[in-house]
Amino acid sequence: NPIRIHCYLDDILILSSTASQAEINTTLTFQTLRDHGFSINYAKSQLVPTNRLPHLGAIIDTLENKVFLSPERKDSIKALVIRVRKARKVPLCDLSKLLGKMISCISIVPVLTGAASVLPNRIGWR
Numbered sequence: 001n002p003i004r005i006h007c008y009l010d011d012i013l014i015l016s017s018t019a020s021q022a023e024i025n026t027t028l029t030f031q032t033l034r035d036h037g038f039s040i041n042y043a044k045s046q047l048v049p050t051n052r053l054p055h056l057g058a059i060i061d062t063l064e065n066k067v068f069l070s071p072e073r074k075d076s077i078k079a080l081v082i083r084v085r086k087a088r089k090v091p092l093c094d095l096s097k098l099l100g101k102m103i104s105c106i107s108i109v110p111v112l113t114g115a116a117s118v119l120p121n122r123i124g125w126r
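Residues 1 to 126 in UniProt numbering are what the sequence shown spells out, letter by letter.
Hints should not be assumed to be uniformly reliable.
Said to hold, decoys possible - Restricting the straight-line Cα-Cα distance to at most 35 Å, the calculated cross-link-like pairs of lysine-lysine (DSBU-like) are:
#, residue 1, residue 2
1, 44, 78
2, 97, 44
3, 86, 97
4, 97, 74
5, 66, 101
6, 44, 101
7, 74, 44
8, 86, 101
Please keep in mind that the hints were generated in silico from the structure rather than gathered at the bench.
Produce the entire structure from the sequences given, and follow the hints as far as they go.
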């Protein structure tokens with residue numbers, strides 16, 4: 001049977017229907033990665049099958065079938081929005097950071113698509 005995985009750079013999610021299948025799939029995936037010269041950072045790995053896990057600034061909940069922004073991601077965006085709103089003139093690097101963070105969240109929070117497109121018209125550039 002094929003192993004269902006989702007990869008983004010060095011982050012890999014292994015999707016399995018049961019805990020025992022997850023263990024088999026994880027073992028086989030790790031062995032294949034090692035066979036091809038990759039090393040596994042076990043300290044950063046979630047090796048126990050779970051239905052709720054942090055991944056790339058999001059919390060994935062397979063029981064509720066939902067994806068949420070992590071509290072850290074929310075706080076980071078909120079702090080940057082506050083800084084941008086307080087500034088009379090916004091440095092381009094701050095605006096770029098904010099847009100990048102918002103764009104990275106679009107698949108999690110689709111309403112941001114419209115918000116990201118109007119920002120340059122509402123903010124003074126420096």
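Take the C-alpha atoms of residue 74 and residue 44, compute the straight-line distance between them, and say whether it is at most 35 Å. 22 Å, holds
With the threshold set at 35 Å, check whether the alpha-carbon distance from residue 97 to residue 44 stays at or below it. Within the cut-off at roughly 26 Å; holds.
Below or equal to 35 Å on CA atoms is what counts here, so check residue 66 against residue 101. Since the Cα atoms of residue 66 and residue 101 sit roughly 20 Å apart, the hinted pair holds (cutoff 35 Å).
Residue 97 and residue 74 were given as a pair; does the straight-line alpha-carbon distance stay at or below 35 Å? 14 Å, holds
Quick one, are residue 44 and residue 78 close enough, alpha carbons at most 35 Å? 26 Å, holds
Verify the proposed pairing of residue 44 with residue 101, using a straight-line Cα cut of 35 Å. 23 Å, holds
Restraint check for residue 86 with residue 101, where alpha carbons must lie at most 35 Å apart: 18 Å, holds
Below or equal to 35 Å on CA atoms is what counts here, so check residue 86 against residue 97. 16 Å, holds
Hint violations for this structure: none, all hints satisfied.
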